[in-house]
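There are 2 protein chains.
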Amino acid sequence: MVNFAIFSNKGSTLLSHIKIVLVETTHPGNIGAVARAMKNMKINNLWLVAPKSFPSAEATARASGADDVLAAATVCESLQEAVADCQLVVGASARSRAISWPEITPRACAEKVVINKPEQSVAIVFGRENSGLKNHELDLCHFLLRIPCNTEYSSLNIAAAVQVVCYELFVATGLQQTTLRVGDKGESPLATVAEMESFYTHLYEALADIGFMHPDKSKSIMRRLRRIYNRIQLDTKELDILRGILRMSQDNQKSK
Amino acid sequence: MVNFAIFSNKGSTLLSHIKIVLVETTHPGNIGAVARAMKNMKINNLWLVAPKSFPSAEATARASGADDVLAAATVCESLQEAVADCQLVVGASARSRAISWPEITPRACAEKVVINKPEQSVAIVFGRENSGLKNHELDLCHFLLRIPCNTEYSSLNIAAAVQVVCYELFVATGLQQTTLRVGDKGESPLATVAEMESFYTHLYEALADIGFMHPDKSKSIMRRLRRIYNRIQLDTKELDILRGILRMSQDNQKSK
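If you're matching them up, the sequences are chains E and Z in order.
When we follow our numbering, the leftmost residue of the first sequence carries the number 309, and every step to the right adds one.
When we follow our numbering, the leftmost residue of the second sequence carries the number 309, and every step to the right adds one.
So here's chain E without its partners, still in its complex pose (with noise of 0.2 Å):
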């Protein structure tokens, strides 16, 4: 199991190069949630561009404890401005265009932006929820950011797109630990291979103390019941508490 929680320190220095811009956005609500879906994944550095209405009630409550995000946003008039001191400029759509555009996928986009070059600055842009990005916007972007989804209805929310494209950078700032995985704090050693052998054993006897051993069948029997306690990889525990079923079993036998 790959325990996130020692990424977390590490993430906020990873993905602050990262910037998410909104143009034009229809409703605030959206920001809010946007918001949201940024400081989730550990990115807070939110741009507006021309916002229909900013700052509002409905995106405080749909942000529903990112507030610090949306007092923190930018409020800018043109994308122009909004992506000035970047260095690489994603923009995310679900349009097809007549000119076709360098695309990248979310997971190739986090692995460019945090994985291969983390010491660039980046804004990932995401249009109006209606119409996306106009051209003369798209011409300030390297890639266009395509999440995969139902070509037949391809449209995300637009706090569902930033979501997923955040989760991505999130899990890439895992990933660039080179995929340090901790063992559950707490947790019980996983049993050894001794220590299943003697269980074998005593299940065995076990077993043929209540006569569930036919001589013929039991090699086939053990083997598959091998075959369920190897597949679950017991902890010593576990291996505890079964074995006392065993014994239980056992003593009650002998008393009859």
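Here are the computed lysine-lysine pairs in the BS3-like style, where the Cα-Cα straight-line distance is at most 25 Å:
(1) Z:Lys545 / Z:Lys425
(2) Z:Lys525 / E:Lys545
(3) E:Lys525 / Z:Lys545
(4) E:Lys527 / Z:Lys545
(5) E:Lys562 / Z:Lys562
(6) Z:Lys564 / E:Lys564
(7) Z:Lys442 / Z:Lys360
(8) Z:Lys442 / Z:Lys525
(9) Z:Lys527 / Z:Lys442
(10) Z:Lys420 / Z:Lys545
(11) Z:Lys564 / E:Lys562
(12) E:Lys442 / E:Lys360
(13) E:Lys545 / Z:Lys527
(14) E:Lys564 / Z:Lys562
Covered stretches of chain Z, as calculated for chain E (at least 3 residues, CB under 8 Å):
(15) 339–353
(16) 367–378
(17) 451–462
(18) 465–478
(19) 512–521
(20) 525–534
By construction, these hints were calculated from the structure, which means they are not laboratory data.
Since we're looking at a predicted model, the values are computed, not measured.
Ideal Cβ placement from N, Cα and C applies to all residues, glycine included.
Given the coordinates of chain E, assemble chain Z onto it according to the supplied hints.
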């Protein structure tokens, strides 16, 4: 560049064995947003356990064209009912638990569900907006799904969480095209939740018969045993063997 459009037709078949289950959702807008998030990723099977308000105009508005998913949704009274026919149940949760459940990430879940064993029927369960899933509901789950995120602000909007999970499932249908695994021939089908519940009832009785169940400990012991056996995903043949052992143990008790 991967062209995801080519996966779209196959996707609907690959994902038709998956249902999304929402437990006691409070805000109808969230139900609509979930339907949209699902349909964006070609997942159409929605179950609602005791929703506070459904159908509702707010749900339909937020579904934004995914009202067919809402119209086809199944409403039921308990999670048990919703997952009775499922072979794998994954519960989404942000909360830490006293007993740690086996956890998987959305990506590992998608690999398990779409790539490794695409023939099993699967439920992915999302709890209440404020309080998630209760322990007795978690008992029905094989795995806890945890979305990697900011540990200091970890509560995703429910539709955002569904979006991330369905996105990973959809992306996996693309990956599945290249890593297609042939199902294990001659294997028995995996046990359903209903079959496992019946096994747990039987297990409890057999353990009580041999005196293993102290009244004050039985609950936590049963929870630990569930954790063990849910983790394995028993097939029906294996379940037969284990139930045969329980029956034999009980017959022995009676003959005392």
